[in-house]
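Letter by letter, the chains look like this.
There are 2 protein chains.
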Amino acid sequence: MDIQYAILGLLCWQPLSGYDLKKIIAESDLFYWSGNNNQIYNNLVQMHKNGMVTQEIQYQENLPARKVYSITPEGQGELTRQALSEPELPEIHRHFLIQLAWTDHLTTEQIDKLLAKYEEEIAVQFRMRQISPNLTQAGPNRTRRESYLWRQIAEKILADYERELEWIRRVRADLACENFQSNQEETLP
Amino acid sequence: MDIQYAILGLLCWQPLSGYDLKKIIAESDLFYWSGNNNQIYNNLVQMHKNGMVTQEIQYQENLPARKVYSITPEGQGELTRQALSEPELPEIHRHFLIQLAWTDHLTTEQIDKLLAKYEEEIAVQFRMRQISPNLTQAGPNRTRRESYLWRQIAEKILADYERELEWIRRVRADLACENFQSNQEETLP
DNA sequence: CCTTTCATGTAACCTGTTACATGATTGG
DNA sequence: CCAATCATGTAACAGGTTACATGAAAGG
Numbered sequence: 003m004d005i006q007y008a009i010l011g012l013l014c015w016q017p018l019s020g021y022d023l024k025k026i027i028a029e030s031d032l033f034y035w036s037g038n039n040n041q042i043y044n045n046l047v048q049m050h051k052n053g054m055v056t057q058e059i060q061y062q063e064n065l066p067a068r069k070v071y072s073i074t075p076e077g078q079g080e081l082t083r084q085a086l087s088e089p090e091l092p093e094i095h096r097h098f099l100i101q102l103a104w105t106d107h108l109t110t111e112q113i114d115k116l117l118a119k120y121e122e123e124i125a126v127q128f129r130m131r132q133i134s135p136n137l138t139q140a141g142p143n144r145t146r147r148e149s150y151l152w153r154q155i156a157e158k159i160l161a162d163y164e165r166e167l168e169w170i171r172r173v174r175a176d177l178a179c180e181n182f183q184s185n186q187e188e189t190l191p
Numbered sequence: 003m004d005i006q007y008a009i010l011g012l013l014c015w016q017p018l019s020g021y022d023l024k025k026i027i028a029e030s031d032l033f034y035w036s037g038n039n040n041q042i043y044n045n046l047v048q049m050h051k052n053g054m055v056t057q058e059i060q061y062q063e064n065l066p067a068r069k070v071y072s073i074t075p076e077g078q079g080e081l082t083r084q085a086l087s088e089p090e091l092p093e094i095h096r097h098f099l100i101q102l103a104w105t106d107h108l109t110t111e112q113i114d115k116l117l118a119k120y121e122e123e124i125a126v127q128f129r130m131r132q133i134s135p136n137l138t139q140a141g142p143n144r145t146r147r148e149s150y151l152w153r154q155i156a157e158k159i160l161a162d163y164e165r166e167l168e169w170i171r172r173v174r175a176d177l178a179c180e181n182f183q184s185n186q187e188e189t190l191p
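These protein sequence lines are chains A and B, in that order.
Following my numbering, the numbering of the first sequence begins with 3 at its first residue and continues without gaps.
Following my numbering, the numbering of the second sequence begins with 3 at its first residue and continues without gaps.
Be a bit skeptical, because a hint or two may be false.
Copies of one chain are not kept apart here, so a pair can be met inside one copy or by any two copies together.
The calculated lysine to aspartate or glutamate pairs, modelled on EDC-like cross-linking and capped at a C-alpha distance of 20 Å, are [stated by the list, open to error]:
1. K158 x E123
2. K24 x E111
3. K51 x E111
4. K115 x E90
5. K24 x E93
6. K25 x E121
7. K51 x D4
8. K115 x E180
9. K115 x E148
10. K158 x D114
11. K51 x E90
12. K51 x E76
13. K115 x E58
14. K158 x E121
15. K51 x E157
16. K25 x E93
No lab work stands behind these hints: they were computed from the structure.
Make the full structure from the sequences, and use the hints.
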């Protein structure tokens, strides 16, 4: 999945500046990009060259000028083409699971402390997404079908956090009650 | 999460060559790296310089020489240090959800076709992981606790595929029965 | 007074990917 | 005969990150 698809998608709702796009992408949790300047602005320049978008400079008093981009019919075509392309599998970087994979030289208490910290971080993310509706919750709602899809997307992301929480809690409970013997030979300095 | 942590982790079980590591990392689904030469070999050279690993060249007849790497006490220390570091949130690249987000100019049949293809791809991955135990299933099993952790990691990865399947099936069923009106103005060429 | 917001842009960097190169051996 | 496996390594590139630069205005 290309960031240009996401940009085209956002622009097909309404014209936006690079600055707008950057903020939307950075704050969304559907988009995994950091939303840094380089990527957004350079891609917009390239898409402009390719005729996917048009640029209109809006001068404002007391504020810097905005370059507002709109999608072209060619851009719409590209959006549809990519919407119909082969689905790609999700790529999940499970940093914590990798970390956990080599914790057997720690004490069970240390492992539980790690799990507790991870649980808290996930819980924070979960609660944040439960209360404050970000882009994902507030889609365009142009048709009933589109708002249905966006709701499903938002709920999937939320549900993933919930599953993660359930998993951590089960593992913590197991580690606590199953009374695994911890490796004695390696204690921390 | 650094690939060097994963390499140190694998080496703390047993000495391995770059070629071995490359294959393990490429075939695992806990590790998200492609397992390409450049990354593995360069990191091993760097880790050797930093004293994290030692190198032993094994000459073989009729086959190219192997450079077998072993973890050093400093490497062990680094592994423990990173095992105790702050947990990181998972990063999920939901390519398909992004694709799906802008499919409202397609017909409901086209969307269902996309979902069906995605469902099949996920189902393939799910079945593969259900039957053939890869690294994740076959951990080191040095202690009861370690093999418990590895089982939980493997089950989490499998469960994620299952949840994904359930989600797709629910969305497809909804789209089919709820009878959403599709956008009439945009049909495909 | 310092920080944030608006708004654009550049430079340096790091990670990771594909592709190439070597060269013998095994298997369909 | 062609492809894959073993085993190492290099080169080129793509993608994405942080950090920096400008400069005015608004807010605590």
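Hint by hint, here is what the structure shows:
{"no.": "1", "hint": "K158 x E123", "verdict": "both (19 Å within a copy, 18 Å between copies)"}
{"no.": "2", "hint": "K24 x E111", "verdict": "neither (42 Å within a copy, 33 Å between copies)"}
{"no.": "3", "hint": "K51 x E111", "verdict": "neither (58 Å within a copy, 34 Å between copies)"}
{"no.": "4", "hint": "K115 x E90", "verdict": "between (36 Å within a copy, 14 Å between copies)"}
{"no.": "5", "hint": "K24 x E93", "verdict": "between (22 Å within a copy, 19 Å between copies)"}
{"no.": "6", "hint": "K25 x E121", "verdict": "neither (28 Å within a copy, 32 Å between copies)"}
{"no.": "7", "hint": "K51 x D4", "verdict": "within (17 Å within a copy, 37 Å between copies)"}
{"no.": "8", "hint": "K115 x E180", "verdict": "within (17 Å within a copy, 47 Å between copies)"}
{"no.": "9", "hint": "K115 x E148", "verdict": "between (43 Å within a copy, 16 Å between copies)"}
{"no.": "10", "hint": "K158 x D114", "verdict": "between (28 Å within a copy, 18 Å between copies)"}
{"no.": "11", "hint": "K51 x E90", "verdict": "neither (27 Å within a copy, 39 Å between copies)"}
{"no.": "12", "hint": "K51 x E76", "verdict": "within (12 Å within a copy, 52 Å between copies)"}
{"no.": "13", "hint": "K115 x E58", "verdict": "neither (54 Å within a copy, 38 Å between copies)"}
{"no.": "14", "hint": "K158 x E121", "verdict": "both (19 Å within a copy, 15 Å between copies)"}
{"no.": "15", "hint": "K51 x E157", "verdict": "neither (37 Å within a copy, 48 Å between copies)"}
{"no.": "16", "hint": "K25 x E93", "verdict": "between (23 Å within a copy, 19 Å between copies)"}
This entry does not satisfy hints 2, 3, 6, 11, 13, 15, going by the numbered hints stated previously.
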